[in-house]
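Student: Take these sequences, add in the hints, and give me the full structure.
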Amino acid sequence: MEREMMLTRQGWADALKELGRQDPRVVVLDADLAKSTLTCQFKDEFPDRFFDMGIAEQNMINVAGGMSLTGLIPFVSTYGVFVSGRAWEQIRTSICYGQLNVKFGGAHGGISVGPDGATHQALEEITIMRVLPNMKVIVPADYYETYKAVMAMKEMEGPVYIRFGREKVPTVTTKDTPFEIGKAYSVREGTDVSIIACGVMVAEALDAAEFLQSKGVSAEVINMHTIKPLDQETILKSAQKTGCVVTAEEHQKAGGMGSAVMEVLAQNHPVPVEMVGIDDTFGESGKPSELMEKYGITSKEIIEQALKVIIRKKNKN
Amino acid sequence: MTYPIKLTDKDLLLKAIRMRRDIVEMVHAAGSGHPGGSLSSVELLITLYNEFLKHDPQNTKWEDRDRMIFCKCHITPAIYSILSRTGYFPPEDLLTFRKLGSDLQGHPSRFHPHGMEMSGGSLGQNMSIATGVALGLKTQGKQNRVYGLTSEGDLQEGQSWEAIMSAAHFRLDNLTVMVDYNKLQIDGHVEDVMGVHPLDEKFKSFNWHVLIIDGHAITQVKEALAKAQTLKERPTAIIAHTIKGKGISFMENDAGWHGKAPNDEDLKKALAELDEQEAKLSSLNPTP
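Top to bottom, those sequences are chains A and B. Numbered per the numbering used here, the first sequence spans residues 6 to 322. Numbered per the numbering used here, the second sequence spans residues 60 to 347.
Honestly, I wouldn't trust all of these hints.
[As the list claims (entries may be wrong)] Computed cross-link-like contacts, DSSO-like style, restricted to lysine-lysine with a CA-CA straight-line distance of at most 30 Å:
hint	chain 1	residue 1	chain 2	residue 2
1	A	K48	B	K242
2	A	K188	A	K292
3	B	K291	A	K159
[Said to hold, decoys possible] Here are a few chain A residues that sit away from chain B, every Cβ distance over 10 Å (derived from the structure):
hint	residue
4	R8
5	Q63
6	I66
7	H125
8	A157
9	A271
10	K299
Hints are computed from structural coordinates only; laboratory data are not their basis. Every residue, glycine too, gets a C-beta built ideally from N, C-alpha and C.
Tutor: What follows is the structure, encoded as structure tokens:
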């Protein structure tokens, strides 16, 4: 299916600019990556409220924390690997324990970062951010959802992490699709299997569902844009209807969105689950599409896992 | 009551003795805690909280208050004592230190007790917080001053130097950081563990103003804090040479008292020494 291709990081930048216009308390900090995360656009419009902190992420995050203590609302931006990984303990002890009102933008999430290679492909942020008390974690599917999520982040007191990517991704929502942090929704109704996806995998899941339909399989697709707080109700309602689940994320399987979904299912309504994601490995250089293919995070993989999990469900019954 | 206030040196010294009493009593009652670095910071905190920091213990959210950010947060006995003794909470609560359900956590939370501006305990992080507070206030055109208290242990963390670099970059002359330079850390002498010397040259080369004082000489602490308020364009580091365990003879200059609680006998001896210091001081005429 043809979908408009747009940058999620442009959604981040556009929302920051709009927030800058609406609220003088909004400030933006970056670590020498403003041209890449596109916070340079905020800088152009609000030079006095933009702070380039140089290549010193730990300091950047705690400086943002300090600024929040003076009533400002800092949005911090750099690549996901550095913001979530290098400064993890700063986020844990200063920001989350202190419940400081700092917003995190993790750019270049996922293997689709491409030629920069493994060091720059963030594949662990969902796991290491969602384990932190007081943290919220959002992985939007496209430009529009990123924009709406960033606007919503500002309204939510306390730390919030949002992940977005480098490449243009297919648009699966519209300007008018409702968005609420912590409220997942089905993008496509179905009865045989639930595909729960986040980020760019929502588009892959829709392609998979389309193909499955042609084979007589009715797949439900859920956009799980918020990993924390996780929408348990929507997960359970769908699993109760379909009886089996495939999770799909551009992220390590261990501890990610799929793990979060399985925690809910195992405790409340155990059904067969298969996961699509990165399988305990680092990425490498390559074109984004080549990497998605090689590391098994495509609609093709979702289709295979869906057929497999449906067989498991039937064998169980 | 609103601070700062003016006190005689004798009054400040009497307060210092009471603070040392609080410190040993709290750590003794808790059975754990950090007396050494608490005792070395006493004169710095007594002087700052009484005579320089603009604050009102009855109005902790006062917009115009100065901000104190502790970088060395393991010295909670000293922190809680100064907060309590300036009126943030009743001194009776001090002995709940480190107990289940107490506001007085082993390392502080920013939510309690009253008067804490920021949580802390993981070294290196709060130099950045202090920088952020100073930057945030300056960005909004506010006149409040920001103070920090660090240590050479805190300055072994690389992040502290990221913060020091950025505070100078943003010309944060509303920021003054005191270094409680007692030369000892858990594993021994700082210069044996991981040397930080020369601290003055380091701060200078990072474009800070540097003042060097004896951190137990009240007059020098006052002079340095007053001078720092007048220095422009750069933040100021007050490097205060101090003695770990200061004021309790058997704790002085002994790394073993970094994180050890005095037993009943130790406490008795410590309090007797402090009583003696107090008696001696009380017999003197008030200094101007």
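Student: Which of the numbered hints are not met once you compare them with the structure shown?
Tutor: 1, 2, 3, 5, 6
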